[in-house]
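Asker: Please construct the entire structure, taking both the sequences and the accompanying hints into account.
When the sequence shown is numbered by my numbering, its final residue is 566 and no position is left out of the sequence of numbers.
A few of these clues could be false.
Said to hold, decoys possible - In silico DSSO-like pairs for lysine-lysine, Cα to Cα no more than 30 Å straight-line:
#, residue 1, residue 2
1, Lys-444, Lys-210
2, Lys-207, Lys-444
3, Lys-210, Lys-439
4, Lys-439, Lys-369
5, Lys-439, Lys-207
Everything labelled a hint here was simulated from the structure, so no lab data went into it.
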Amino acid sequence: MGEVFLRAIADEKRASLKGWEGERIVGEEAISFAANRSFFVIGLTGYKLPIDPEDVEVVFSPNASKRFPYTRVTLRRRGEENEAEADRETSSVSGNGGSAVPISADGYFLTNAHVVGEEGGPFYLWGLTEHGMRLAHARVAWRGAHGNNDLPDLALLHADLNPLAHFRLERAELPPVEAPVIVAGYGGMSPNQAGGKILKHGGWRDWNGGVRWRAFLHDAPLHPGDSGGLVAGLDGGLVGINAEVHHDGRWPGNILENYRARALHPDRDWLLALIAIDRGEQQVGCFAEFSQACGLFSETPAPEHVNSLGMAFFPVPLSFNEDEARTLLFSQHETCLRDYATFAENATSDGGHAEPSAKWKTTFEGYTDDHPVGFVTWHEARAFCEWLTSRERELGLIGPDDRYRLPSDLEWSFAIGIGHLEAPDQSPKERRLKVRDHYPWGTEWPPTQLSGNYRGPETEAETVAGTPPDGHVRAAPVGSFPLTHWGLSDLGGNVWEWCEDAWHPDESDVKSARGAAFSTENRLNLHSSIRRPVPLDAANADVGFRVVLERGVQRD
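Answerer: Set out below in structure tokens:
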């Protein structure tokens with residue numbers, strides 16, 4: 011495989027993607043495409059610094075392991091004929107890294123945090139430049155994390171290299187599910203192993219206010235060792251990078267069966283901000299300033315509307331189809347006891363709205379005005395929206411064609427990040443759990459302390475497996491957990507949220523509720539696509555609601 015790879019490099023061929031209509035790219039065309047667009051990240055082990063890249067050569071050699079029978083890459087000093095001799099001289103510099111994708115012409119590369127590790131060791135990039143193959147020292151410009159939910163498993167490297175081909179960063183969204191993709195990297199250098207398709211992908215994940223990225227699964231049959239390798243669309247644009255391999259453990263020869271890979275797709279603006287900071291285009295004096303400058307710990311975006319109750323509303327894009335693309339203003343948090351109390355006190359005097367029952371006043375020990383309201387029926391939640399609409403139209407705070415209402419089931423899905431994956435012509439009952447392995451906090455399992463308010467060990471009852479304590483036996487004050495990219499809180503956990511929709515056309519007296527609650531203990535019920543059928547006249551402790559503001563509708 012090494013000879014084939016080097017020959018493809020020497021020819022400097024460019025893979026033409028025109029005419030490929032989903033069939034697998036094979037042979038030298040695939041090898042060339044991968045070779046021209048992928049670099050090895052090689053970390054030095056068992057070697058004493060410093061090392062001059064000019065004194066080191068890259069060697070391909072078979073791996074003796076029966077479990078991993080693929081070719082591996084080793085660095086050794088020029089003139090050393092075998093690894094045994096190198097080991098005796100303590101000068102072996104075997105690489106245990108992965109791949110990297112060039113993303114700029116001035117030497118910035120994207121890989122995984124687990125490729126470069128947690129400690130600051132020496133790293134080298136080896137790949138094609140305008141001067142042929144070159145080994146160059148690389149430094150870590152920014153490192154995320156691996157194995158926790160604080161930062162994505164991504165790392166930004168910089169080396170004194172000008173890659174022959176660099177990647178466009180214009181694309182900010184993934185191709186559709188089942189779209190054909192090309193995967194380059196270590197295993198992608200061999201024939202028949204550069205094509206595939208996307209199996210599924212989740213919505214954007216947002217950690218610490220600014221790090222935006224998403225995960226997706228693809229099925230290109232690569233060998234393990236492709237961490238950081240390119241996943242490209244048909245136009246060669248960067249879609250994401252490989253991060254993790256899933257398989258059934260069988261390794262027949264060099265073919266990995268029942269393979270799927272997890273890849274990461276970083277947000278373009280965040281990535282460009284990291285590069286700009288590292289270039290010195292923004293002055294940064296310490297890590298805290300660095301983080302703030304590139305948005306890692308940025309504050310909540312400003313709301314588009316704040317109403318008379320102090321409820322803040324943020325726009326969420328909806329894309330049912332090209333003709334219906336629009337945004338809808340979602341309340342940042344679930345309706346809290348303070349908001350609902352104002353409604354209950356003024357409903358009869360403000361336009362003659364019916365006064366709600368007193369059951370909502372049934373709260374638990376420790377609840378404050380900032381806790382979400384519960385024990386509210388669907389009719390009462392809807393009445394709150396109608397009262398608020400009348401009140402604010404009269405105050406001139408919203409227009410005569412604006413109204414507050416409950417979100418539809420599908421609109422709620424867009425807020426949680428899966429609306430584009432669901433069928434708009436299906437009922438909530440039919441959409442239930444159709445999208446798997448996507449949770450309100452992302453795709454990782456299990457949840458963390460910051461993932462939301464679910465049933466945890468603090469309840470001394472049956473809990474979600476692996477859930478850490480979140481500090482709240484029942485509901486938490488609204489906004490107690492990290493906000494989403496859209497500026498919303500508690501889309502997962504706290505209380506179930508009423509939606510406008512009937513559970514099914516044949517069950518009009520049952521409505522859809524979304525988001526799970528403090529009482530939820532089943533992993534299935536933590537999926538973003540979970541729905542709970544609730545009779546519209548039921549008033550439960552763990553069911554509340556969130557309102558949306560719709561602009562420009564016909565006046566009731």
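Asker: For every hint, state whether the structure bears it out.
Answerer: Hint-by-hint comparison with the structure:
Only pairs whose Cα atoms come within 30 Å are accepted, and Lys-444 paired with Lys-210 is accepted, the gap being roughly 12 Å. Of the supplied pair hints, the one linking Lys-207 and Lys-444 holds, its CA atoms being roughly 20 Å apart against a limit of 30 Å. For the hint linking Lys-210 to Lys-439, the alpha-carbon distance of about 21 Å falls within 30 Å, and the restraint holds. Between Lys-439 and Lys-369, the direct Cα distance comes to roughly 28 Å. Compliance with the 30 Å bound is thereby established for this hinted pair.
For the proposed pair Lys-439 and Lys-207, the alpha carbon gap of about 29 Å is at most 30 Å, so the pair holds.
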